[in-house]
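S.K.: Spelled out, the chains give:
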Amino acid sequence: MKLSELRSRLDTLQRQRWCRIVATVLLLALAGGFFGRIVSIRVNWDTDSAVLATALTGDEATTYGILLRNEGRIVIDGEVFEAPTDVMQTYLEEDGTTGEPQRVIFILLQDSIPDWAPKWLLLDTSLSWKLMVITSVIGIAIIWTGLLVSVVTLIFLGAVFSGIFALFDGGQWIGVPVAICTLLSAYLLAVRILQLLLSGSMGWSAVAHTLLWEASRTRLSLAFVVTLLITMPLLPLTLTLDAPIDQVVQAYIARSLGLAFLLSAFMMLMLGCSSVCFDIRDRHIWHLVSKPLGRFNYLFGKWLGVILLGGVMLAVAGSWSFGYVQYLRVSYLPRTTAEYLAQQDLLEDVLVARTSKRPIYLDMSGKEVRARIDELVLEDPAYQEYVDNDLPLATFRVLRKRVFDDFDIDQRRIDTLFDQTGKPWKKLHFEGLQEARELGLPMRLSFKIYGGSSDEHDRRLIGIATGEDLGEGVLGPFIPTMPQHVDIAPSAIAEDGTLDVTLVNLTQHTPPAGNDWRGPAELEPLAMTMGDRAPFAIFWLADELELGYPQGTFGSNFFWGLVVLWLKLAVLAAFACAVATTLSFPVACLVVFAAYAAASIAPWIGMSLMLYGSGGPSPESAGEYIQWFLQATVRTVASSVVYLLRGFGELQPIGQLIEGKLITWAWIREGLFMAVVWGGGAILFGWFVLLRRQLAIYSGEE
Amino acid sequence: MVMSERGAPIVEARGLSRAFRDFWMRTRALAVDKIDLDIRGGEVFGLLGPNGSGKSTTIKMILGLLKPTAGRLSVLGRPPSDVAVKRHIGFLPEESYLYRYLTPIETLDYYGRLFGIGRAIRRRRSEQLLEMVGLAGVAHRPVGEFSKGMMRRIGLAQALVNDPDFLILDEPTSGLDPIGTRQVKDLIVDLRARGKTILLSSHLLGDVQDVCDRMVMLYGGRIRASGTVDELLQDTESTIIRTGRIDQGTIQRIEEVLRSSGQIIEQVDSPRQPLEGLFMDIVEKARLERVQTSGATTGGETAEFLQAEPAQGADLVEQLAAAEDGPQAAKVVMQDDVPKDDGSGTVLESLMKDSVPTPIPARKREAIKPTADSDVDDSVIDKLMGKKPGGESDDSA
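Chains as they are written, first to last, in my numbering: chain A, 2 to 703; chain B, 5 to 401.
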């Protein structure tokens, strides 16, 4: 019997109702049996552990201890607990007491855990229940969507390759084939479910449904899908597992989600362009427009299909990424203090969803601006000619910008002791912290300080106090340009939800060794005394100093992060579909990839434009004119790109997830706005082009 | 399904023109030049003309793929770009532009969904259509693996999935084997019997002659001739008598009779079996012997949902033929039930008594069988195409 024939027969078999029912019962029995057993082992462990703890720390502790030490065996309520006597003698004193009862309990119970039971699963029974439900639901979906044969074949192949790796001691590679096949199965299942959802008789759903076939059967898009699904399980191999666990997890989230977004974006751009371009080029569109399918419905269907497929890629890769992060979390067992601290950082800094508040920065009124401009004119000899005359508009604008910039930076700068502009500290005012106060949520002030030569190898001292009183502050080191944080008690928040935090510039002092914050300390005398170092003014960027507190779980934050990424992909897909209505495939690809690149780097372009200014004297020679013209052209193009696309580039949920920051509704709203307004606008443009465009060509002789 | 009323205008074109321009807006080609066209409900209308004569451009305008540069065009009383009109139209382009990655069953399902047809009906129609076009055996193979003929078959099936009132067939028999060609022509007759309107574009003159009620002949974007098939092909100068095989003596006696009325026999010939008939016989024999084929099979009867109701089908055909007005063919076809010539001269005598050409009582399906010794009058087309009588075409035309 040929393989194809066998597969065909199995396929027919799996579509039979009785076969599906039998498979479902088997699946539920297997899932229940496996995860139920895991939970049962954990429950028994907890029960026995409690019994032993009572025995080894209760009234009869010494009796049991001596028995264990001498015989390596005790019986409690008819249950026997055994361990080698030489091991017991290590932990038990001669009088039967022990300083490490937990260790003794662990040794007595460790044989009760079978080898096949994953330890990380035993650590969290709720995870076992969740996995049982998830596995059952996915399994039932596979059985009832007719994918059982495909999935079983894939998993079997994966198991075979994993077995081969295991035979040759493949180490970390052993699980990769099974993981790849699992991801492929998940992708197949997701696409099949989408096709079922799109099986209605509406024109747009038919177009979207067919696009899913196209993506699954044409090499162009399949290449990206397969690359992603193969790369995801390989990513853990690129991690430096010796690094602190919080950094490992951050690196993994950054790489996995970054790769998933990048490959999904590439796939969607290519698929959006190819699907529409090839429909027009290969004249499929002749068939389509001769059917009762409006051109908007056609384009909308293409867009929908592409974004749904991108959603599937993101969901499969994201689920894998989330699952692996959870695996890293539960399987990590700290052995040293540093590892324990790293685990704490992971749980408190990374796998959380902190909301952030920035200090209230003031604005200048029109009168204040005008008054300051007048002062500048009087102070600056360059403007002496305007003391009694009106300022030209261009000069006024230059001065106004200078005033605004000075005012702005002044609020984010702390001068040194020697500067005569003010005291070497700055009070920052926060509002809207009622929730943190009421819930007693621990807060964290995160900041990045610049100053001097902003040398990241330097180490300086900074003081922080809450309220007006500098007498009870804390001291700590900071490294210029590097992110730092200090915890602040919620009790410091006033009843109205406001909080004042004062930062003190102590750069003239060498900080003590270590990274700990010390206090309480008298900050004002320290700030006003000379130190052993040359001080410098310190400053921070507006978005790099904020106060955060946990307001959600990592799971929900991760989900919303994926949603924002997906909304960004929807914009790209719309752009690709729209451009493809009017350009040929290669040109459309060039345009959309250039736009994607420009949108991604728009924030950096914006920063460059801001930092480097217009610069340069007025041109005098022909060469300078040419140079000026080229610079002006580049600047105009760059400014346009920044103006149009900055929003896309700045919406970076992956960065939020890595830093454990909450994806707020504002982020989701912005993503939704982009998808609907930008994406919808692009689709309307494409629709307009399709309406105007003559879809057929002249096929006769000229 | 909205049936078009017989005789009601389906397509109306007045002064329809379509020019193609280059980048500088200079006219590159005037593909269609001020044509007036009326296609009426229930008729099979032929668009005839050589390559580049404007047939496809006219069809593209009817479908809304191209906009006319001048003139007025309405389809089912609405502008061609109106999406609602498309619900009643089936279209087979000159080449089947189908998704190569879909299987035939998925292709038909897709196009069925575009018409908003429910799942159960879609499935039933898809199966029937694939059976009809002989692709049921390859229903799950990607279309990209198909031969041109198989592509045409699936293209034809997709054009019929909505049971269209108005079917536009652009070169429907191109790429098809004789079986497929025969089936297409049978199908057209069936659909006409159900009151469907069909626009048939072709440069295969035999196809058009066999099935069309009316036709226009295009050349250089203009209509050069139009009318019913009989009007255009009527030959009042000669008479054809068809009978069983007769011996030389009988021929001589006939000749004598004709000479007495001032006529002579110009040609006496024994017809050969038509090649199509021979081919069909061989294929049918092979099919009965269950010879395997990896491609399309011979196909089945017209799909059930496209057939007229059993009791009405033949009647409708009869009614259609009976309802036809206008001049009838000048040929006299002797029916099988006419007494055979037994040498006694009774046949001849009866003919002599009724020297007026006998009208055809009814259009029968047999009549659309092309014959080997084709008696088609190609002179009109030949003239248009620059052919000399009996000679090769003039390529410079």
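None of these hints come from the bench; they were simulated from the model. Think of the CB as a built atom: it goes at the ideal place given N, C-alpha and C, for glycine as much as any other residue. Watch out, some of these pointers could steer you wrong.
[Said to hold, decoys possible] Distance ranges between label pairs, derived from CB positions:
hint, chain 1, residue 1, chain 2, residue 2, range
1, A, Pro443, B, Arg123, 26 to 34 Å
2, A, Arg359, B, Pro83, 56 to 64 Å
3, A, Phe157, B, Arg127, 31 to 39 Å
4, B, Glu131, A, Asp283, 21 to 29 Å
5, B, Glu308, A, Tyr328, 35 to 43 Å
6, A, Ser41, B, Glu131, 46 to 54 Å
7, A, Asp544, B, Arg123, 30 to 38 Å
[What the hints assert, rightly or not] Which residues of chain A face chain B? A few of them, derived with a C-beta cut under 7 Å, are:
hint, residue
8, Gln15
9, Gly204
10, Ala207
11, Trp287
12, Lys292
13, Pro293
14, Gly295
15, Ala697
S.K.: Each hint should be assessed against the structure and marked as holding or not.
M.R.: For each hint, the structure was consulted:
no.: 1; hint: Pro443/A / Arg123/B: 26 to 34 Å; verdict: violated (57 Å)
no.: 2; hint: Arg359/A / Pro83/B: 56 to 64 Å; verdict: holds (58 Å)
no.: 3; hint: Phe157/A / Arg127/B: 31 to 39 Å; verdict: holds (32 Å)
no.: 4; hint: Glu131/B / Asp283/A: 21 to 29 Å; verdict: holds (27 Å)
no.: 5; hint: Glu308/B / Tyr328/A: 35 to 43 Å; verdict: violated (58 Å)
no.: 6; hint: Ser41/A / Glu131/B: 46 to 54 Å; verdict: holds (52 Å)
no.: 7; hint: Asp544/A / Arg123/B: 30 to 38 Å; verdict: violated (53 Å)
no.: 8; hint: Gln15; verdict: violated (16 Å)
no.: 9; hint: Gly204; verdict: holds (5 Å)
no.: 10; hint: Ala207; verdict: holds (4 Å)
no.: 11; hint: Trp287; verdict: holds (6 Å)
no.: 12; hint: Lys292; verdict: holds (4 Å)
no.: 13; hint: Pro293; verdict: holds (4 Å)
no.: 14; hint: Gly295; verdict: holds (5 Å)
no.: 15; hint: Ala697; verdict: holds (4 Å)
Taken one by one, the earlier hints fail for this structure at numbers 1, 5, 7 and 8, listed in ascending order.
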